[in-house]
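Take these sequences, add in the hints, and give me the full structure.
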Amino acid sequence: MLKGKLKFIIAIGAIAFAGAYLVYGGVKETMVYYLTVEELHARVPDVYGERVRVSGNVIPGTIKHGADGALEFSITDGGGAVNVNYNGIVPDVFKDDVEAVVEGVYSESGIFQADILLAKCPTKYESTDVLYNDQGAPQGASY
Amino acid sequence: MRRALTIATFLLLAVAAYMALVYAPTEPLMGHVQRLFYFHMGTVWVATVAFIIVFVASIMYLWKQTRGWDILAYCSAEIGVVFLTITILTGAIWAKPIWGTWWTWDPQLTTTFILWILYIVYLILRSSAGTSTRRAKFAAVFGIIAFIDLPLVYLSVRVMRGISPVVFGPGGGGIEPGMMHALLVNLAACSLLFIVLLLERMDLEKMGDVLARLRTREG
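Chains A and B, in that order, are what the protein sequence lines are. Residue numbers for the first sequence follow this note's numbering, beginning at 1 and rising by one. Residue numbers for the second sequence follow this note's numbering, beginning at 144 and rising by one.
It should be emphasised that the hints constitute simulated quantities derived from the structure, not laboratory data. Glycine residues also receive a C-beta, built at the ideal position from the N, C-alpha and C atoms.
With a straight-line Cα cutoff of 27 angstroms, these simulated DSS-like cross-link-like pairs (lysine-lysine) come out:
hint, chain 1, residue 1, chain 2, residue 2
1, A, Lys64, A, Lys95
2, B, Lys349, B, Lys280
3, B, Lys349, B, Lys207
4, A, Lys64, A, Lys120
5, A, Lys120, B, Lys239
6, B, Lys280, B, Lys207
7, B, Lys239, A, Lys124
8, B, Lys239, A, Lys95
9, A, Lys64, B, Lys239
10, A, Lys120, A, Lys95
11, A, Lys7, B, Lys207
12, A, Lys7, B, Lys280
13, A, Lys95, A, Lys124
For each label pair, taking beta carbons as the anchor points, the in silico distance ranges come out as:
hint, chain 1, residue 1, chain 2, residue 2, range
14, B, Phe311, A, Asp97, 18 to 28 angstroms
15, B, Thr359, A, Tyr21, 45 to 55 angstroms
16, A, Ala70, B, Phe256, 26 to 36 angstroms
17, B, Leu342, A, Ile89, 43 to 53 angstroms
18, B, Thr274, A, Leu6, 19 to 29 angstroms
19, B, Ser275, A, Ala18, 26 to 36 angstroms
20, B, Ser334, A, Lys7, 28 to 38 angstroms
21, A, Val44, B, Ser271, 45 to 55 angstroms
22, B, Arg145, A, Leu6, 30 to 40 angstroms
23, A, Thr62, B, Leu342, 49 to 59 angstroms
24, B, Phe256, A, Arg43, 20 to 30 angstroms
25, A, Asp97, B, Lys239, 15 to 25 angstroms
26, B, Asp352, A, Lys7, 26 to 36 angstroms
What follows is the structure in C-alpha cells.
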C-alpha cells in the first residue's frame, strides 16, 4: 500500500522533471531573450521587417538627442555595430558603455527602428563613497 | 515565548528598515531606488524557504498521512505566495526607472511568474479540498511537482540570456560591505517574520479543525 504510493510519487516526480527539462532545453536552444549584434547581422536579410530584440553595449559618443525626444545611438558586441533610432522613455541608467536591449525592426537602410529601449543594470552594486574617493570609479554617474 | 518572538521580530524589522533606507550606502548609478533590493531579497528568500517547506511537508504528508504535515504545507504556501508577490512588486518598481519597463519576459521573470501562478493554483487546490483527504493528497502531489520550477528560477538567470542582474555567485559583481550588512539584517528580519506568521497561521488552521469537530458534535 505504502510502497505503491511512494512509487507513484516518484514516478510523477520523474515524469514532471523530465518534462520540465525538455521544455527548458527547448527554450534554451531555439528561443533566446535577445540576439547579439553579430547574430542580427548573420540573419540578414531574413531578419528585415521582423520584430526582434537585440542587445549590445552603447558605443561611447554615439548618443544623439534629436528634436522632440528622438534618440540615435549605436550598439556593439565587438563583432559589428548597429545604428538605433528610438523615440520614447529613456531608462535612468542609459548612457555610454551601458548594455542596452532594444526591441523593434531592422531594415535594409541599416537602421534599427526601436520602440522599446531597456538598459541592463550593473551587477556590481557600489557605494557613493567609492565613486568620490576612487579614480577608477565609473564616470558620468548621476547621483 | 510567542509574544517575545513577535516583539523581537518587529524590533528587528524596524532595524532592518533603518539599515536599508539610511545605513546602506546609496548606489551611485541607480540611486535610492536600489534600496528596494533589500526588501526584494528578503521576501524572495522567505518565498524560497516557504516553497521548500511546501515540497518537504507535501512529501511527508503523502508518506505519513498525518494532518500536521498537510497544515504545514498549506500555511507555508500561503505565506510564500504573499512574500513572492511583494518580491515581484518591488522588482517591478525598481525595474521601471532602471531598465525602463515594469515587466519584460526575460527568463528569470518568466520562470518567476510561472512559480507565482503554480503556488496560487496549489492554494486553490488545497483550499477547495476542504476536509477531503483524497483531494488534499492531490494538492500535495501538485505541491511537489510545482517545486520543480524553483531551481529553474535560479538557474535561468545564470544559464540563459536575460536582463536580470546576477549580483551574487560566479559572474556576479557583488555588493559593498555596508550593503551586505543591510542585506543580512533584512534576511534575518524577514526570516523571523516568516516564523511568526507561520506559527500563527498554523494555530489558526488547528483552531479551525477544533471548531469543525465541535460543530459535528453539536450537530
